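First to last, the protein sequences are chains A and B.
Take 1 as the starting number for the first sequence in the working numbering and just add one per residue.
Take 1001 as the starting number for the second sequence in the working numbering and just add one per residue.
Calculated directly from the structure, the hints in this document are not laboratory data.
Here the structure is a predicted model, which means the values were calculated and not measured.
Built from N, CA and C at the ideal position, the CB exists for glycine as well.
Misleading hints may appear alongside valid ones.
[To be verified] Partner residues are not named here, just some residues of chain B that face chain A (Cβ under 10 angstroms, in silico):
1) G1070
2) T1094
3) D1117
4) S1150
5) G1160
6) H1182
7) E1221
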Amino acid sequence: MKLAVISCIHGNYEALNAVLSDIDAQKADQIYCLGDLVGYGPYPNAVVEMIRSLDIPTCQGCWDEDIVEGLNACECSYPSQLAETRGRLAHEWTNSVIHPEVREYLATLPMTLKLDNLCFVHGSPSSQHEYLLPSMDGFAALERVLSADADVLFCGHTHVPYVRDLEDAALSVNVQQPDQTESPKQFQVALRQIVNVGSVGEPRHGRPNATYVLYDTDTAQVTLREVPYDYAKTCLAILEQGLPPIFAWRLARGMEFAERADDPTHVCER
Amino acid sequence: MASSNITLVAGSPGAGKTTWISQFLTDQSQDLFYLCPGMGRDSVDLVRIGYRFPWVSVIPENQAQTVLAGLPRQAQVYLELGFHLDLASPLLATLPCQRVAVLPPSLNQSEWHDWADEVIPGNDIQDAGRDPLPELWRSPLTGQVFDPPSLDELLIELTGGAYGKVMRLKGIFEMPDGRAFHIDFVQGLPGIEYTELNLPRWLQGRPNRFSGLEVVGHHLEQETISKTLLASCLADDVLAQYQHQYQRLHPDEETKEVFSI
Ligand SMILES: [Zn+2]
Ligand SMILES: [Zn+2]
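Looking at chain A on its own, in the form it has when it is part of the complex:
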């Protein structure tokens, strides 16, 4: 079966449409969505309606959670004071335009979704706000995949796609019991994988193109897709809706609007 996994649409309806067309052309059998339907972009309601109308299984993203629960971004999210101010502005704007039934829908979204040996989360299995950065310590990364009880963990939230193989991890544990000699035990953990699918609506890879991932469940092959779309339309809508104009400038360059994680050792406590 061919899966398409998308994440972080952030109210960018143009980008979502382009990605859905590409998924169609690639003949995927099923779409999964890792959340962040809203926030930053000009069309949060329309994006949610589209996802709902297509019945796409979706996890709750950090922005979706914040629109339901109130802003709860971790301090690791903002690289600067300026970014934090902008992030708050975007949250307030989204909060003010979101329809009540959209908010209700976002509240119903689950933290994780499973399909056989695959697990789908927004940030990490423990939090929508935690960043699984590609440079994260290997043992910690493996712990996240094992805690999800999966072979492949799909995540988003960093907005930069990557595939990380956690190969042939050998875990060694020393067991010391009273009146017995120390006995080392070895566990062999088979290949596990973290697949970050990037972002449809607010890419941070230095180009404006949307990214998502195709996954073949039979061959375990991961294909990263980069989809150009008419981002100028979204830029115009950002200006028309009264969102900070700098978001349009940054979208056109594939730069984060406000949040960006850069500390791989940081563990989110929320």
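Since the structure of chain A is already known, use the hints to place chain B with the ligands on it.
Below, chain B with the ligands alone, put in the same frame as chain A:
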């Protein structure tokens, strides 16, 4: 007066006028004077020259006439002319002086060529010409201290054209650890240059010394730049926290700095 040497230096923004002049300001055995007419008292260049070469007499605009009339014998005077200054101004015409133009090597013909006694090849940048004349926007910031990553972000946006086309940007910015930096950007040259200024760390409240930003360009969104600058500055309580933290981590330096301020 007749025995003093006056050098007028003109040229396109970013060609390297101040850099060219700076090489002559290291000689402490001479009476050195530096002027930058048209820039008022608080220009980034004026202040920076004062910090780098404390032995140079940096003359603010309103004292220029008096100082030029009573120069000591053997004085060396460097007069840097902003790109927006009229080369045919009567003040410049009456001065007995050497005229130097610092220009991009690719520029072969210009009013600077006609005006200068000597042309010095400067930075290899595109000369944008003076038609239309670019805007010069200045924002004094004395007392403002920046959140360093916010300042980085703002400078990337400014020099990347988010708030209008920027040809030249220079500034002096205060940091929460008490240091001050000179920042320099020339369109066409790679990167943004950060140079720490040789000043005592300011760790007692808001720094009472000049800082500020100067931007040369076209269609500059001045109001948005101002707002973004202020959004990048630290509030009183945050600044106090930083300064307290720094003093706690470097108790020796603290005593030294308190004496030197
Ligand atoms: Zn996101
Ligand atoms: Zn997120």
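How the hints compare with the structure:
Annotation: interface hint on G1070 of chain B violated; nearest CB of chain A at approximately 49 angstroms, more than 10 angstroms. Interface hint at T1094 of chain B: violated, since its Cβ lies 48 angstroms from the closest Cβ of chain A, which is beyond the 10 angstroms cut-off. Restraint check, D1117 of chain B versus chain A: the minimum CB separation of about 45 angstroms is more than 10 angstroms; hint violated. Restraint check, S1150 of chain B versus chain A: the minimum CB separation of about 4 angstroms is within 10 angstroms; hint holds.
Residue-level restraint check for G1160 of chain B holds (minimum Cβ-Cβ distance to chain A is 8 angstroms; threshold 10 angstroms). A least Cβ separation of about 21 angstroms between H1182 of chain B and chain A goes past the 10 angstroms threshold, and the interface hint is therefore violated. The interface hint given for E1221 of chain B holds, since its Cβ lies 9 angstroms from the closest Cβ of chain A, which is under the 10 angstroms cut-off.
The structure shown violates the earlier hints numbered 1, 2, 3, 6.
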